Every structure is written in C-alpha cells, then in structure tokens.
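Let's have the full structure, built from the sequences with the hints guiding it.
This is what each chain is made of:
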Amino acid sequence: MKKIGIADTSFARYDMGKSAIDELKSNSTGFKIIRYTVPGIKDLPVACKKLFDEQSCDIVIALGMPGGKPIDKQCAHEASTGLIQTQLMTNKHIIEVFVHEDEAKDEKELAWLADQRSREHAINCLDLLFNPDKLQKNAGKGLRQGYEDAGPIKG
Amino acid sequence: MKKIGIADTSFARYDMGKSAIDELKSNSTGFKIIRYTVPGIKDLPVACKKLFDEQSCDIVIALGMPGGKPIDKQCAHEASTGLIQTQLMTNKHIIEVFVHEDEAKDEKELAWLADQRSREHAINCLDLLFNPDKLQKNAGKGLRQGYEDAGPIKG
Amino acid sequence: MKKIGIADTSFARYDMGKSAIDELKSNSTGFKIIRYTVPGIKDLPVACKKLFDEQSCDIVIALGMPGGKPIDKQCAHEASTGLIQTQLMTNKHIIEVFVHEDEAKDEKELAWLADQRSREHAINCLDLLFNPDKLQKNAGKGLRQGYEDAGPIKG
Amino acid sequence: MKKIGIADTSFARYDMGKSAIDELKSNSTGFKIIRYTVPGIKDLPVACKKLFDEQSCDIVIALGMPGGKPIDKQCAHEASTGLIQTQLMTNKHIIEVFVHEDEAKDEKELAWLADQRSREHAINCLDLLFNPDKLQKNAGKGLRQGYEDAGPIKG
Amino acid sequence: MKKIGIADTSFARYDMGKSAIDELKSNSTGFKIIRYTVPGIKDLPVACKKLFDEQSCDIVIALGMPGGKPIDKQCAHEASTGLIQTQLMTNKHIIEVFVHEDEAKDEKELAWLADQRSREHAINCLDLLFNPDKLQKNAGKGLRQGYEDAGPIKG
Chain A
1 MKKIGIADTS FARYDMGKSA IDELKSNSTG FKIIRYTVPG IKDLPVACKK LFDEQSCDIV
61 IALGMPGGKP IDKQCAHEAS TGLIQTQLMT NKHIIEVFVH EDEAKDEKEL AWLADQRSRE
121 HAINCLDLLF NPDKLQKNAG KGLRQGYEDA GPIKG
Chain B
1 MKKIGIADTS FARYDMGKSA IDELKSNSTG FKIIRYTVPG IKDLPVACKK LFDEQSCDIV
61 IALGMPGGKP IDKQCAHEAS TGLIQTQLMT NKHIIEVFVH EDEAKDEKEL AWLADQRSRE
121 HAINCLDLLF NPDKLQKNAG KGLRQGYEDA GPIKG
Chain C
1 MKKIGIADTS FARYDMGKSA IDELKSNSTG FKIIRYTVPG IKDLPVACKK LFDEQSCDIV
61 IALGMPGGKP IDKQCAHEAS TGLIQTQLMT NKHIIEVFVH EDEAKDEKEL AWLADQRSRE
121 HAINCLDLLF NPDKLQKNAG KGLRQGYEDA GPIKG
Chain D
1 MKKIGIADTS FARYDMGKSA IDELKSNSTG FKIIRYTVPG IKDLPVACKK LFDEQSCDIV
61 IALGMPGGKP IDKQCAHEAS TGLIQTQLMT NKHIIEVFVH EDEAKDEKEL AWLADQRSRE
121 HAINCLDLLF NPDKLQKNAG KGLRQGYEDA GPIKG
Chain E
1 MKKIGIADTS FARYDMGKSA IDELKSNSTG FKIIRYTVPG IKDLPVACKK LFDEQSCDIV
61 IALGMPGGKP IDKQCAHEAS TGLIQTQLMT NKHIIEVFVH EDEAKDEKEL AWLADQRSRE
121 HAINCLDLLF NPDKLQKNAG KGLRQGYEDA GPIKG
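Protein chains in written order, with this note's numbering: chain A, 1 to 155; chain B, 1 to 155; chain C, 1 to 155; chain D, 1 to 155; chain E, 1 to 155.
By construction, these hints were calculated from the structure, which means they are not laboratory data.
Note that identical chains are pooled: a pair holds if it fits in a single copy or bridges any two copies.
Here are the simulated BS3-like cross-link-like pairs (lysine-lysine), alpha carbons at most 25 angstroms apart as the crow flies: (1) K2 to K25; (2) K73 to K141; (3) K3 to K32; (4) K3 to K134; (5) K154 to K18; (6) K73 to K154; (7) K108 to K154; (8) K32 to K2; (9) K2 to K18; (10) K108 to K141; (11) K73 to K105; (12) K25 to K137; (13) K137 to K108; (14) K105 to K69; (15) K18 to K137; (16) K32 to K134; (17) K25 to K3; (18) K154 to K141; (19) K25 to K154; (20) K18 to K141; (21) K108 to K69; (22) K137 to K154; (23) K25 to K134; (24) K105 to K154; (25) K18 to K32; (26) K154 to K69; (27) K141 to K69.
Source: prediction; values computed, not measured.
Below, the structure is given as structure tokens:
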C-alpha cells in the first residue's frame, strides 16, 4: 500500500493539512496517510526527509503559510530550496502547497484559498502517484491551484 | 538507442513539450522519447532526476512558463538551481527552456515564443547528444533561442 | 538518554543560549545538554553538524541575533540555508532561533524578545523530541514565538 | 601531462574560449586542452563536471557573457553557484570568466574586455596549475582581470 | 600538531593573510600554517576544501575583500554559501574574514579594518581550536571583529 506523508506547521493560520487529508480520502483509497506537524516552514524540508527515510512515504504534501513581510518571503525561499533538495536526495515528489498571507484581500478569502489550494494539490498528489497520464493530458493547459485556471494561450 | 526525456508542466499555458517533441522527430531519428508532466516548474528538478535514474534518459529537456509576478520569478530561480544540482548529481545535461510570461507583448507573441524557443532548444539537445562539434563551431556567435540571435560583436 | 545541542554565538547581544537552557531544564528531565558557542551565525551550520556527528545530539537549538544592515540579512540567509542543509544531511531537526536587531523598537524590547523567543522555541524542541502529538494538535493555529500568536483565521 | 578544460557557450557574443586557448599556448607547454561548448552559462556547471569526470581535466576555465537584463544576472548567479558546487564535488579549480554585457560602454570595448579578461584568467589558470608561489607573492595586491588593477591600499 | 590553513586572494587590496599569520604566531605555538592564495573570493571554497582534504588542515581562515558594486556583493554571497557547504562536507570550521570595500570611509581606514578584522578572527580561530571555553564564556556578549564591540543589551 502507498504511503502519503502530510507535513504541515503550527505557524500556519489555517489547518491546511486537514483539508488535504479530507480531499485525499474523498477521492481515492488504497493508501495510508502519515502526518507530521512542525513549528514552521523552515522545519518542513527535514520533516519531509524523515517521512521518506523513516516512515517510507512514497510522496509528501508539504503545507505552509508564509507571512507577508520580506523576512517571511526569504523563509519561504529557503524552505522551497530545501524541499527541492530533499526531492533530489530521495527521488520522490514533494507537493509544496504554500499560501502567502498577502495573496488574499481579507481573512475570509485567505481561509478559502488555503482550503482550496490544499485540496487541488491533494488531487495533483493522487495523480502523480496513481494517474500520471492525466497530468500529461493537461500539459500546457495553464492550470492553477486555488484561484481559477489561467488557461491555455492561443497562438 | 539514446533516450531523451521531456519534462513539462500543466501550469504552462502552451504545450511546449509537444513543440519540442515535434522538432526532435522532424530532425533526427535513433532515439526514444519519454515524457513526464508535473504540476509546476518546482516539480521539474525531481522529475528530471527520475527520468535519469528510473528511465535511464541520456538528456532531458525541461520546459516551463513562469508567471510574471515576483513570486513566480523566485520559483523560477529555485527551479533553475535545482535543475543545475540535478545535472551535477547525474553528469547529464538538462536543457532548461523557460518562457517568462512578461517576455512577450501579447498572448499571440507569447505562444509563438514558447513554440519557437522549445524548437530551437530541441536542436541544442540533439547537438549536445549527437553533434557536439556544431556547438563548438558556434562558440561566441551570440546565438539566442526564440527571439533573433544577438550575433557576435566586433572588436 | 536524549542529547540536546545548544549552538549559539558571541556576536549575539543577549545570552539566548542561557534562556533556552533554563527553559529546557524547567520543563523536562531525561536529557543531557551540550553547548557549543561560535563567533557568528555563519559558523552555526557546521557547529550543529559537529554536535550531531561528534557529540551524538538528537536535536539542536541554533540561536543568533543578525544585525539590522543588508549584509546582516544576507548572512542570516546564508546561515539559514546551511542549517536546512545540515538537517537534510543528518535527518535531525535544528530549531533556528534568530532575532533580528530591527524587530524591536528598543534594546529593552529586544532583550525581552530574545529571551522569550528562545524559551518558546525550547518548548518546540521538547515537543519535537518527546511530544509530537502536541504539535499536531496545534497545526494551523497561527502560533508565533516571541510576540503574541497570530491565531487561526476564520473562513 | 596536465589537461586543461575550456568550457564556453554559443550564447556569448565573443569567442572567449579562443582567446583563452591562444594565451595558454603562448605562455606554456606540457598540457593538453579539451574544449566543450554548450548553449548557455547555465549549462557550464555540468559541462565542467563532465570535463573533470569523463575527460580527466585537472582544471577548467569556464567562459561566458551574461546579458544585461535582471534575468541574465539571475542566470549568472545560478551558474556561479553551480560552478562552486562542481569544484567542491571534484576538489578541482574552475576559473570563472564572466563578462557582463553592461560592463563596457560599447561593443568595441566589450570585445576588448572579453578578450583581455579571458587572457588574464588563462594566466591565473597556469599559475594555479604550475606556479602557485606566484599567486601567493601577489596576495593582497588588488589584481583585476580585464580593466586595470585596483592595486594595494596603503594603511 | 594542528594545521591551520590560510586561504586568501590576489584580488584583495590588503595582505590580510599576512596579518592573520602574524597574529596567530604572536599568540600561540604548537601549530603549522599552510597558506594558499587564489585569484578571487569565489575560488576560496575549493581552496579551503583542498586545504582540508589534501593538506589535512584542522581549520581554515578564509580572507577576502569584495568590491563595492552589486556584482561584488553577489560574488561574496556565492563565496559565503560555498564556504558553508565546504564546512558541512568536512565537519571543520572555516573562519570567513571578508572586508567589504564600502565598509570604510577611506583607504586608510579600510587598511586598518582589514588588518584588525584579520587579527581578531585569528584569535577566534585559535579559540575554536584550543580554547572553546573562552568562546562559551563570551556567548551573547555582542562581540565584533574590526570595529568596536556592540556589547550586550540590557533587559
């Protein structure tokens, strides 16, 4: 049975891990979920590494909500760099789901965005694991997670 | 027989992978193409790593279309850094073909650019694989992919 | 018995290591503390690496106070990147506790912040080591270390 | 016999590799040159890695001409980071010779600069390989490659 | 007997390596110094790596003087990142001593700063090697190298 890791944070202001888990369970079966919560996004790379190496996960969804200040942007950059490094060390995918606090106009929209993006990326996770042909069919389609799709451009 | 990997995204708004594959097939034979589509450009480094390690590719063309916002530029930077790291871990070339959404004046030009750059880099891929002497002959010639060549400067 | 490493600096203007150690000892037992002080934050990554490899630490708290100038921000970025790399090389957590000199309005608040953040992260360290369920219960709760919690947002 | 690698690009607008090779041959003997031309500067790190691992080079000169736009600066940063990583993986020197298009006031000066910097770094390459004492004698002398030396400061 | 590496550059406009060596010898005995001069700061990471791997150094002092332009700042960032990576690969300390050309108001002060910072970091090097307890005693004391200490803040 496949194992899906969920790495999330107590820093985030919305329980994105819960949304992702709910979406995973609503759409598929035949996998086990292992959740690991850490303080902040810079703790996510090693959390994912441990989920792969110590818990034998096949893929991990890493969820976080960077704040809106310059230092938060830098933390997100450092975390993302570490997540890519982790993937290269393990040959496994990590679906990064970051919602920046300044992406939404108010708290209500921010909560909606955090839920929606987590759910749509949960589907990407399932597709990478069980359904890679669906992703290939969508190549170049301008898909987005959270807000509406940009769509393909016409030549 | 050589294996050429095509790593592309569903985030891109143009099917750059298709352009690259079409150009490869129009110009050469004696290779097999393996395509792997992932959600976004930050998923490309591990996609390429898997194409090398699990599919025995000899070279990979990685195609993506970063958006025009600062966060998109940062994602492109993180992806590029990961693509270079992947190459150093495998001793294989990855031809990065990124088209930034703000490089063109409108959607029509953007589609043209995405197609054209993918095709010209497909030729670079074939040259690296089968025809390194042609690249050496072009050293210092100011070649560009997509828009017209800058050309050599005169002393 | 678990070993907790404390890596700190002589550059910092507050003895954050002392605060962290005091908090650790006030809240738990059954662990040994190994302290290693280096000149500046860029010396912290290898200090942590040595605490893991040569002192068999199970986790490290890395404490530092970057100055307020652009060059200091860059040093902090380089140090953070190294700390993440160290974690990926060792599969162990490093709790980074950085207090930037321009985060507080005066020296008194800065001292309070340095003490408070060190203490709250010491608790995170204990939770990661002995009490991961508590962290999971706090997923998405908008917790902060130092200043007051941002709290969860409502949808 | 020592092997010197020359890694250069078809993106560059001046044949810097030719200048470097000419200078190497004019100043020394007892080495073999292996040239490898790739499309752009981001292809240089793996080109150098292959020159070390597959061609047994003892040192490599990596030459490139980043454009003047912000994206070009970022590419140069990514390439440089990769070149440093390559050196650490191989314990061999790479002499990076980058000429930025906005360093010169016109094309004529740019061509002169590209030629001159390539030649002066070719000498550095020979010194690292055959004559390290000369470099040590020049420690702190404010040497530059291309434009005139800054020279030592007086206390 | 311990071996201390000195890695410096011909780009620097002051012989910082000489200052560091003089200070080391004035303050301690029982170690051997191995000096390695390279062209610029981006050559320092592999120089340090070679001092550890090929010369069996126990610690290295890496000295350089980045210029005042944006490109120089970027070079310093790349060099620093490489120096941290080197330390993580070897589990040995590198004391980075960089003096930025725009840190001083004139050449005379710059020369003084380069000399003074090199000397104070030479003492840090000796303390890391022979006297770690002294560093721990100074934790949180706001020490600086070159200009005067910032000192501890009061709560």
